[in-house]
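Protein chains in written order, with the numbering used here: chain A, 1 to 315; chain B, 316 to 617.
These are computed hints drawn from the structure, not numbers from a lab.
Just so you know, not all the hints are guaranteed correct.
As the list claims (entries may be wrong) - Which bits of chain A does chain B cover? Going by a derived footprint, with three or more residues having C-beta under 8 Å, they are:
hint	region
1	6 to 15
2	155 to 169
3	178 to 186
4	246 to 256
5	270 to 278
Everything numeric in this text was worked out from a predicted model, so none of it was measured.
Glycine included, C-beta positions come from ideal geometry on N, C-alpha and C.
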Amino acid sequence: MYGHLVRRLLQFAVVLVLGSIAVWAFTFALPGDPATVLLGSDASESELAATRARLGLDGSIVQQYLSWIGHAVGGDLGASYYSGQPVVRELLDRIPATIQLAGFAMTLTLLIAVPVGIVVALRPHSVAGRVLQGYLTAGLAVPTFWLGLLLIIVLAVQLQWLPAASDFVPIWRDPAGAVTATILPAVAIAVHTSSVTARFLATSLGEVMGKDYIRTARAKGVPERDVIRRHALRNASLPTVTIVGLQLGSFLGGTVVIEAVFNYPGLGRLLYTAIGERDYALVQGGVLFVVATFLLLNLLVDVFYAVLDPRIRLT
Amino acid sequence: MSAAPNPPTSAPAGRRRLAALRRFARSRSAVVGAAGLLLLVAVALLAPLVAPFDPAAQDGEPLLGPSGAHLLGTDQLGRDILSRLIYGARASLIAAAGAAAVGAGIGVPLGLLAGYLGRWVDAVAMRLVDLLLAVPGILLALVMIVVLGPGRFNLILAIGIGAVPEFARLTRVATLGIRDRDFVLAARGMGASTPDTMLRTVLPNVLGPIVIQVVVTASMAVVVEAGLAFLGLGTPPPAPSWGGMLQDARSYLYQSPSYGLFPGLCLVATVFCLDRIGRGLQLAVSGGSQHLGTRVTSGGAV
């Protein structure tokens, strides 16, 4: 167990350092010099030099990286070129909105995927099984952002039940308002992710149901419900945990388009706007945050996996 | 991953391939998918002949609903929506084919090297893959487009890079699975050089999962291209693209709700066909066993 964890931690550290280097180096690949962008093309050379010094863009490459990463570890990702606010402040402003949307979307995903996956795996030829299989096929084929657009057309424009744009309403302040504001983007995302998850669960559950230990459990008289719940589902849930972890990670920075559809003030929208404004510091900080969180989530999933499955622990 | 590479049997490769083709043809939904995709390719190629109007001609009333003259209506500039959809298929198909080529072109050699050579090559390649995986696909494409600048080729590159990790991982796993098999050892024993063994002996036997991944990547690329176009960063206008049309439709939801319907349906149909083909290939490659592994055809939560 400890050998596995140590190896995994080392990998995590290596990829995180590589990632920070890539994120930091990305501004060098960009067209245009940030100081020029900031001051306009008619700035004098001394003004440009002063701005570069302020942004930490003078000095050798290694120095620049070390100073950047040193500040980043200390929670200082510089200031947004555009608003002048600290990048960390800007990110922290949007993170609650992103976490709330991710939480809603993931809850819905699991609520749909688990029952659907079970029915599709156990009763593939029943009416319900066939209908749900149709749902899985459709859910995979329908692009998330178009579904969002459809939901807006039908529920917001035609029926006027829900708002077309989703503001961020913190759930701890106004639970009902939070649900109405977040439900449409969450549904749009969850239809796709639940189809992926349910397909995975159905496949591994189908595999598990053919195993000898299931036959043994049935033969010794365990009620079918318990066979499925205690013997089959537990074993089948392992690959699904990985997928859910990956999805949760992708919710952090990967919902750019859906946030644009709903005008939702999350992290993805912040990054998209920052890219449009050439706000390199903000893009850098945001991508670094997304990458680090994703890697951390993956690490947690692997640890969780080892806890769930003794075979991994022992190797 | 049930799509393990076919072990080389005594049967000649030609006959094995034929058997796989027959298994593919026996799956009805796979044939439907293939037919649908062929139709789409034909329509895209023959767009000037099929389209009733010039996709750029602003000769209708703006924002008409479906009617006899304009079957699917007109957009905000009075352009025929049907004609723009037909021409827009080109953008999607080019992105799909290009991204799959880029992903496979970089990912397969990477995976082959990592799996066959092992040791530090493997370690380095896999950390790179981990790193690429840590950035959500659409965000990666966004950042890459900003770095590379807009344009059709850069768009393909940006989407394709996101597909590299899956290709590399699949190829690596399949290569590991056959690296120490007798026929590989035999090739080496007879004096084949390492590159020769990799390309002539290992590569042909790991192609199965790769072919499926090509289809999966194509369907991912269609969705990501549309998403980027929706954000205004996809196929550069004035060339029509489905995602770009959806972006326009979003601005006129109240005036013309039907506009937003059709480009999305085209996307759904394309992704559906590719998904069916992917499943059919899986069936063909896994030797016709009913038991199917699942491959995520995920454009991610775009």
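Results of checking the hints against the structure:
1. Counting residues of the region 6 to 15 of chain A whose CB lies closer than 8 Å to any CB of chain B gives 3, which reaches the minimum of 3, so the coverage claim holds.
2. Residues of the region 155 to 169 of chain A lying with their CB closer than 8 Å to a CB of chain B number 3, which satisfies the three-residue condition for coverage.
3. Beta-carbon proximity to chain B at under 8 Å applies to 0 residues in the region 178 to 186 of chain A; the threshold of 3 is not reached and the given coverage is violated.
4. Beta-carbon proximity to chain B at under 8 Å applies to 9 residues in the region 246 to 256 of chain A; the threshold of 3 is reached and the given coverage holds.
5. Check on the region 270 to 278 of chain A: 3 of its residues sit with their Cβ under 8 Å from a Cβ of chain B, so the three-residue criterion for coverage holds.
This entry does not satisfy hint 3, going by the numbered hints stated previously; all others are met.
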